[in-house]
Amino acid sequence: MAKSKNPKSKLTPALGLRLLAAVAGLLVLAEILVHRHAYFALEAMPLFFAGFGFLAFLAIILGSRLVAKLATRPVDYYDTPEGDA
Amino acid sequence: MLEMLLSIPGLLLIVGALLVPVLPHAPRQAYMLALIGVSGYLTFGIETGVHTTASLGGLDLILVRAEAMTKPFALVFHIAAALNVFYALHDPNKTTSAAGLAYAGAAIAALFAGDFLTLFLYWELTAITSVFLVLAGTSARTMNAAMRYLLMQVGSGVVLLAGAGLLWRDGTGLTIQAVDALTPAGLCLLLAFGIKAAFPLVNGWLQDAYPEASVTGTVMLSAFTTKLAIYMLALCFAGFTPLIYIGAVMAVLPVFFAAVENDLRRVLAYSLNNQLGFMVIGIGVGTQLALNGTVAHAFASTIYQGLLFMALGAVLHRTGTAKASQLGALAKSMPLTAIFCTVGALSIISFPLFSGFVTKSLTLGAVAKEGYFFVWLAMVFVTVGAVQHIFVKAVYLPFFGPAPKRVKAKEAPLGMLLAMGAAAALCLGIGVYPEPLYALLPYDARYEVWKAGYVLGELQLLFFAGLGFVFLSLRGVYPTAMDTTVLNTDYLFRRTLPRATMAIAGPVLRVWFVVLAALKRSVLQMLKISEQASRESGLVSGIASIGSAAGIFLAMFALMLILRQVM
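Here the protein sequences line up with chains X and E, keeping their order. Count along the first sequence starting at 1, add 15, and that's the number in my numbering. Count along the second sequence starting at 1, add 1448, and that's the number in my numbering.
Derived from the structure by calculation, the hints contain no laboratory data. Incorrect hints may have been included.
Claimed, not checked - EDC-like cross-link-like pairs, simulated, lysine to aspartate or glutamate; straight-line CA separation at most 16 angstroms:
1) X/K84 x E/D1931
2) E/K1899 x X/D91
3) E/K1817 x E/E1896
4) E/K1780 x E/E1896
5) E/K1817 x X/D91
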């Protein structure tokens, strides 16, 4: 998958960004006040869900690179009788 | 006759669909809504238990039987059928309308089937009626995709029939009930349901065919077939542990494919697949809470998945494309569609106060309670996946993101807006006040989703997944959508199987041609010999009678004719 090299191609507007960051900050602070009941030891770790959400998103994009590399073909792949093989 | 029509749920819609093509547009829509209303009213009154039986050649059939989990499925099928009529108000295609109505009817009737033979009948009817929805598509690939779809769907029915036959032979009877999966009959049924529930390896038809259907056709398709399969799995295989892992694979793998796919209706087909994975996990866990989770999730997801298909269908209808690489800033021209679509997205990512949160959490809680750590982790991961491929890719970027080029679009037609508005209201309604839905669930098991800690964890997960997107896009490494074909398991029968067939057929054919050539040569040789032998000085001249010589030539002539035939 091609990287967007252009730093100007921001997909998020500044206002939305600040809002998102503010809410995320509040959610981190809320962890001090609110007890999260956990079924698993890992889940009981402070900020487990925050960290997992962030890292999982990166992992999905990383994993999708692999799919893009291995499993994508030209858009008309199936339209030709035997594809590119 | 009328009594039978009214006593078998769904039959009214199937038979009523026959009249649909002859009615003019406006009365047709009203007629279909009336039929669905009456059918819904009659169906909702059916209490748990066996209601109508019949005997056919010594086989006892149960035409109508309701289980504890039948009602929620029947209700949501009626809701989906009615929403589909509204959504297709602008669509003059009579075939789609009639096929869609009969398809909904067949799916509803199948829910109430009490034996596998009756189920088989409706199972195949859903296949046959729904293929017309795929055929209504306009792309050049429609025909082939429809045929591949039909092959898988009818194939599933044939395997179902085989399973029913085996059950009958074993003397177990044809009644639909818990089946031991590790018997030949059980495996057949599991495969039959698994095909329609889009299990891994047999899921290709879903992503292949659904996005090729027409705008309205895809919305109709998204509701019934897969949820019917989930319902049957829940009735027959609840607590069959391998389903937990099958479901986990189903839930996780599509996340990566959806991330790469450019056609947004295909992204939704992947997402539908991973939602089904959640439900299959619940069936595998099999506790009362898990099954409640599966049923609640099936109910809610039929509506929010339908809503997402509707919204992106509306985009396709207005702009002519559903490709991520060509869409952006649509919220300006289609503001209502954007709002409804966002509600659908918030539901599917299980944002608190939306329907996904109050339903998916039941399954998640059941999995955690039973201590399946990695499955639970996979399910949390999949939620982040939904943030990526639904919230960011299918909703945020096309509606609110930068526009690759100016896309001219009008707001969706009124009928579409009505359907989307109603679906969005249901998503929000269930999310805010889930009690009526909980009351419909088959068991009393409950899960407290409104604990502050739980809500906080969910919000942290979702917002930090969003920050993941921001982080990548600020660094300029968030992948841009590209137009490609993503290979999926339909590759198996579009490429692997034909190649394997040719790999076997090739050598066989080569040997066959060598044999033929040798035979041909030997016949010519014999002709030559006989010609020489019959000359005046030849071997047979004057010895054999004319009659026997004629006989020899006749036999050789016959042999030549046969060879000509096979060559």
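**Prompt:** Does X/K84 pair with E/D1931 here, judged by a C-alpha cut-off of 16 angstroms?
**Reply:** holds, 14 angstroms
**Request:** Take a quick look at whether E/K1899 and X/D91 sit within 16 angstroms of each other, Cα to Cα.
**Result:** violated, 50 angstroms
**Message:** Next pair to validate is E/K1817 with X/D91; report whether the Cα-Cα distance is within 16 angstroms.
**Reply:** violated, 47 angstroms
**Asked** Is E/K1780 within 16 angstroms of E/E1896, Cα to Cα?
**Response** violated, 39 angstroms
**Request:** With a cut-off of 16 angstroms on the C-alpha distance, tell me whether E/K1817 and E/E1896 pass.
**Result:** Since the Cα atoms of E/K1817 and E/E1896 sit roughly 13 angstroms apart, the hinted pair holds (cutoff 16 angstroms).
The structure fails to meet hints 2, 4, 5 from the earlier list, while all remaining hints are met.
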